[in-house]
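In case it helps, this note's numbering puts the sequence shown at residues 412 to 798.
Because the hints were derived from the structure by calculation, they are not lab data.
Since this is a predicted model, take the numbers as computed values, not measurements.
For each residue, glycine too, the CB sits at the ideal point set by N, CA and C.
Be aware that one or more of the hints could be misleading.
Derived pair list, reagent style BS3-like, types lysine-lysine, alpha-carbon separation capped at 25 Å [stated by the list, open to error]:
1) K519 <-> K756
2) K545 <-> K752
3) K519 <-> K751
4) K545 <-> K649
5) K566 <-> K433
6) K519 <-> K545
Just the calculated beta-carbon pair ranges, DEER-fashion [stated by the list, open to error]:
7) T427 <-> W646: 18 to 26 Å
8) W417 <-> L750: 49 to 57 Å
9) I434 <-> V671: 26 to 34 Å
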Amino acid sequence: GCARDWDGLTCWPRATFGEVVKIPCPHFFQEFTNTHGSFLQRNCTQEAHWSEPFPPYTVACGFDEGSSKGPEDQKSYYSAFWRVYTAGYAASVTSLVTALIVFAAFRKFHCTRNYIHMHLFVSFILRAIAVFTKDAVLFADETMDHCLMSTVACKAAVAFFQFSILANFFWLLIEGIYLQTLLLLTFVSNKQFVWWFIFSGWGAPAAVLFAWVLTRIHQQNTGCWDDDENGVVLWIIKGPILVTVLINFIIFINVIRILVHKLKSQEGGGSHSSHFVRLAKSTLLLIPLFGVHYIVFAFFPESTGLEARLYIELGLGSFQGFVVALLYCFSNAEVQTELKKQLCKWQHQEYLTFTHKHGTLSRENSPVNYVTQLSLLEKISPKRKTS
Numbered sequence: 412g413c414a415r416d417w418d419g420l421t422c423w424p425r426a427t428f429g430e431v432v433k434i435p436c437p438h439f440f441q442e443f444t445n446t447h448g449s450f451l452q453r454n455c456t457q458e459a460h461w462s463e464p465f466p467p468y469t470v471a472c473g474f475d476e477g478s479s480k481g482p483e484d485q486k487s488y489y490s491a492f493w494r495v496y497t498a499g500y501a502a503s504v505t506s507l508v509t510a511l512i513v514f515a516a517f518r519k520f521h522c523t524r525n526y527i528h529m530h531l532f533v534s535f536i537l538r539a540i541a542v543f544t545k546d547a548v549l550f551a552d553e554t555m556d557h558c559l560m561s562t563v564a565c566k567a568a569v570a571f572f573q574f575s576i577l578a579n580f581f582w583l584l585i586e587g588i589y590l591q592t593l594l595l596l597t598f599v600s601n602k603q604f605v606w607w608f609i610f611s612g613w614g615a616p617a618a619v620l621f622a623w624v625l626t627r628i629h630q631q632n633t634g635c636w637d638d639d640e641n642g643v644v645l646w647i648i649k650g651p652i653l654v655t656v657l658i659n660f661i662i663f664i665n666v667i668r669i670l671v672h673k674l675k676s677q678e679g680g681g682s683h684s685s686h687f688v689r690l691a692k693s694t695l696l697l698i699p700l701f702g703v704h705y706i707v708f709a710f711f712p713e714s715t716g717l718e719a720r721l722y723i724e725l726g727l728g729s730f731q732g733f734v735v736a737l738l739y740c741f742s743n744a745e746v747q748t749e750l751k752k753q754l755c756k757w758q759h760q761e762y763l764t765f766t767h768k769h770g771t772l773s774r775e776n777s778p779v780n781y782v783t784q785l786s787l788l789e790k791i792s793p794k795r796k797t798s
């Protein structure tokens, strides 16, 4: 018979001699055309060779001669899109690493609030690394046979990607919980809160991923685990993320209510009030910014709204890390003030070093210094002693 075959667009299953295999058009074709429910066929000939697909992809999947976008146009489109989200993730990683260095270098920023921010930064860095790793492992080689590709490396890359997404949403939930705790309690600095947050922010995603991997191995251990998933496997990842988003929206509403009450009653006046407001503005902006799109797409199949998903989850999503670093670090007045102080300190030290060196050289080259040296030589010269 005919072996399983990858023709560059879809995977054809193994077939016996004379068998006609019928499969639907790939989902990515359906997303950009109005053709749905179309099928392709191939015949396994007596010579154990596959026939050409009939009808051809251009006809069966909606790309006829009058089509405005052919496969080559789509390839060019995805290539340009890859450049956009690669640049976005690179900018995010650069800004997040810089923000981490700033928070770690200055002792003044070592507090519970910034520890949580730093873990959120790390989760976004891991997400960018996971995207780069997934692209490198799964899509670097265009000649790769995706029908036979089912290695530990590619499955690990997809699992790491899923973990980074989970960690993102759980750490955003931690940010929301901490903000509400800060507003409800007068004093929150006990280290037990930090360790509880760290355990929840990394432990919960790890537990969910472990359950997903086990379910994948026993129920749908196909390909690189990046194909369409059945309901149970899909909701092991989607369910916890959706729960974190919904809880964050409840926190979002409740924090607004608490802030309005505090500002009206003026119970939290002074520096603490401004501190709460600054933190609230950043967190309250992030919650809807990173959560709305997930609720919109959560209850639809992965192939639904593919183009919109690409724009939101990869295009705009690639710059989320940059937005986080901007809100929590670079636009923070305390950070700006401390960096200005440090810059002034470095400039002052350089000036003192320069003036010290310049003064030393001036004294060494001074004419007075030469006269002094000559007088000393004259005093200790042998002729003067004998006379």
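Against the structure, the hints:
1. Restraint check: the Cα-Cα separation between K519 and K756 comes to about 16 Å, which is no more than 25 Å; the hinted pair holds.
2. The suggested pairing of K545 with K752 is violated, with an alpha-carbon distance near 42 Å, which exceeds 25 Å.
3. With a C-alpha separation of about 14 Å, the suggested pair K519 and K751 falls inside the 25 Å cut-off, and the hint holds.
4. Distance check on the hinted pair: K545 and K649 sit about 19 Å apart at the alpha-carbon level, within 25 Å; holds.
5. Restraint check for K566 and K433: the C-alpha separation of about 28 Å exceeds 25 Å, so the hint is violated.
6. Of the supplied pair hints, the one linking K519 and K545 is violated, its CA atoms being roughly 38 Å apart against a limit of 25 Å.
7. A C-beta distance of roughly 37 Å is found between T427 and W646, which places it outside the suggested range of 18 to 26 Å.
8. Taken as a hint, the range 49 to 57 Å holds for the pair W417 and L750, whose Cβ atoms sit roughly 53 Å apart.
9. Checked against the given bound of 26 to 34 Å, the beta carbons of I434 and V671, roughly 57 Å apart, lie outside it.
Hints 2, 5, 6, 7, 9 from the earlier list are contradicted by this structure; the remaining hints agree with it.
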